[in-house]
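Protein chains in written order, with my numbering: chain A, 1 to 285; chain B, 1001 to 1290.
All clues given are correct.
When the alpha-carbon atoms are kept at most 35 angstroms apart in a straight line, the in silico DSBU-like pairs for lysine-lysine are as follows:
hint: 1; chain 1: B; residue 1: Lys1202; chain 2: A; residue 2: Lys7
hint: 2; chain 1: A; residue 1: Lys7; chain 2: B; residue 2: Lys1180
hint: 3; chain 1: A; residue 1: Lys183; chain 2: B; residue 2: Lys1180
hint: 4; chain 1: B; residue 1: Lys1103; chain 2: B; residue 2: Lys1180
hint: 5; chain 1: A; residue 1: Lys69; chain 2: A; residue 2: Lys53
hint: 6; chain 1: A; residue 1: Lys7; chain 2: B; residue 2: Lys1103
hint: 7; chain 1: B; residue 1: Lys1180; chain 2: B; residue 2: Lys1202
Simulated from the structure, these hints should not be mistaken for lab results.
Note that the coordinates shown come from a computational prediction; the quantities given were computed from them, not determined experimentally.
Spelled out from the first residue to the last, the chains are:
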Amino acid sequence: MRSTGDKVRSWGLAVWSAVALLYLFIPIFIVVLFSFNDNRGRFNFTWQGFTLKHWADPFANPDLAVALKNSILIALIATVLATILGTFMALALVRYGFRGRGVVDLLVFLPLATPEVVLGAALLALFLTMAVNTGFATIVIAHTMFTISYVVVTVKARLEGMDRHIEEAAMDLGATEWATFRKITLPMIAPGVAAAALLASAISIDDYVITSFNAGQTQTFPLFIFGATRQGVPPEVNVLATSLLVIVLILMGLNVLLQRRLAAREVRRDAVDEPETAALVPARG
Amino acid sequence: MLRLSLRRRRQLLPWLFLGPGLLWLVVFFAIPLLNQANVSLQSGDAETGYAFNWAFSTYTNAISDYDTQFIRSIGYSATATVLCLIIGFPLAYFTAFRAGRFKNLILLLIILPFFTSYVLRTVAWQLILSDNGWVVERLRDVGLLSTDGRLLASRTAVIAGITYNFLPFMVLPLYVSLEKLDRRLIEAATDLYASRVTAFRKVTLPLALPGIFAGSLLTFIPACGDFINAALLGTSRQYMVGNVIQSKFITILDYPTAAALSFILMTFILVGVFLYARLLGTQNLTEAAF
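Here chain B stands alone, though its shape is the one from the complex:
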């Protein structure tokens, strides 16, 4: 039997631990991405097949053809993220500071919807907002909606769906960072004659930044690539870049364009995450968040 010195074993052990997982991530994540880069630079058509020839035109064409869906994805996701923050922050704040012995119950209620399928919850929204549904009829009765007005198949429906589906992803990190916050700091601020508003703005909010950062990313990133909400609650006029990638890949078999769009989306998100981390000012934010 080969006996290795303790030092040598110490050096090998981490790689032994890392090996299998790392191999899985390299083979099924890194290599597919590299392959995807290769595919995105191919040209040809679905019948005769595609060949690699540094076809950068795929990228320029993808951008010029689908800039609408792209901007729409970013706009919808950003709006939904802000809405999640507006709806979620007070809820997280209440849970962390005011809920008392109901804290765990409220946390349970926040995660409970997760145990119903994502697609099914979105289907339920489809039903709630449907043209001959109760909500639309009442809104028409009181005149908030014209007689042929619709809720479904609109921008509002898609954004509301995204906001709904990702709200818990915003609330939970917010709650974690607020819960960790040392309350004596807020007391100190008010003792030193800061008004409650000032104390909130200067103490609570900055200390909740890691939570805001993590929550925004957990909402914005999946929202950007989402296509279920647009598919179920919208029409082709609300389609996002996820819908385009999906249909290019599955239905139209235009792999290069789908690959190019994937890369543009990924690059945009990575650059966005980096800039956002810089904007919020803490270098360790990413570490705090993940």
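So here's chain A without its partners, still in its complex pose:
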């Protein structure tokens, strides 16, 4: 029997967790709510009444549309670059012993342990010294630089958990190194690479600090919002942010449904394949 102390503790834990989750969501509620605010003038600070007018035309502000387009483009290019460069680095680090590993590990680790403000400032100083004009290209360079390490770490984790014997078996059966890589290694690390790409694009699209140093005259979504704080962030920003949340929720919901169906099919197949053992193994909850 559980004591009253345990019960209190267990309830306390649940309530504490609920409050913590609520804390995470308070500003999100505000962002969503104020996308429906019938604001007067440019300020969107106080609740004036319900309207759908901002939802009717979220791209009414041309600067905002450009900023968003830049953010998405930068994230796409930087993600592709960082994912390719980082995945190959992870392959080399996990698969091959070579001299100078320590230096490479350090070079991958250091950007993660450096505050963004230092990374951004250092890069800008280089661009200034080399008289490079900052803008779209320099943002891409900066984003690629600081997302590579995240890709390496993520893909490395996947590679380390992988059974090497499968690749060896493929090569023993006469597959060339390239065929083995294409048909065995790549499909097996694909979830890790996808996770890394997702992480890289999320970091890139949301970055303010490094971007603010290297953007020149180019606007991105976070830069636009920060710049707009003085005169009031236009409600269209809230509309776009809310839309993104809804899209993510739908995608995640679909993913859950898909996984559930796959799991159900698996269970059915197991039950057909091994009726006795399936009945003997206790359900894990």
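Put chain B on the given structure of chain A with help from the hints.
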């Protein structure tokens, strides 16, 4: 065509794989840092330009001029990290052990706020804590805040903002290390007559250390260099070293001081990470964390 022996190819292949990424990191990370070291030792002024002359005075001046912001950064970040741990540990524990079939849903809820822009979430806090906002008015009604009392533009607001923004970075590594934990060890401890509290202190907590380590670093390091929270939720009296570096670089064009401050911050963090790893006692912690 040049045919290389298999052995030779084996030696070249890793460098072929590493090459492009490594080159990118060297050119856009290592060289900028070295260049930054050079800049930090220059002297001069924004109009006539700066020249390298081993000006170590930049460092001593930077420290004496901005020690307040520096100590403030460390204090705010440390406080926020501890708060994240206090708020996040029970949440991670609940998710790992008690959430049952809601586990994935809760994890989803923890990462969902990430999909709203960081700056926008902070702007939302600005709105929530604003002087004529609902929260401040209610607090004034019940007398918890004086009639001219404010929440915005205070130390509390900045620390709360940092805590908020980095909370998921604390919760996720904590969750990962708790989830991996072999629950039979806790059962064994209670079977051997350890109280629940003792079992938690002697089994759960030590095994969650890699998560605590990773979470603290993922919270503390970005918090130390953050300037968005101080800029949006505070005033110049709450400015952190990130704000100084940013304004020195972008507005005042005092590159040497900004570079020197960057280096001091980076050195402090690296030394701090090292000492923290030693303090928690496991040498492989860094590897476990990254």
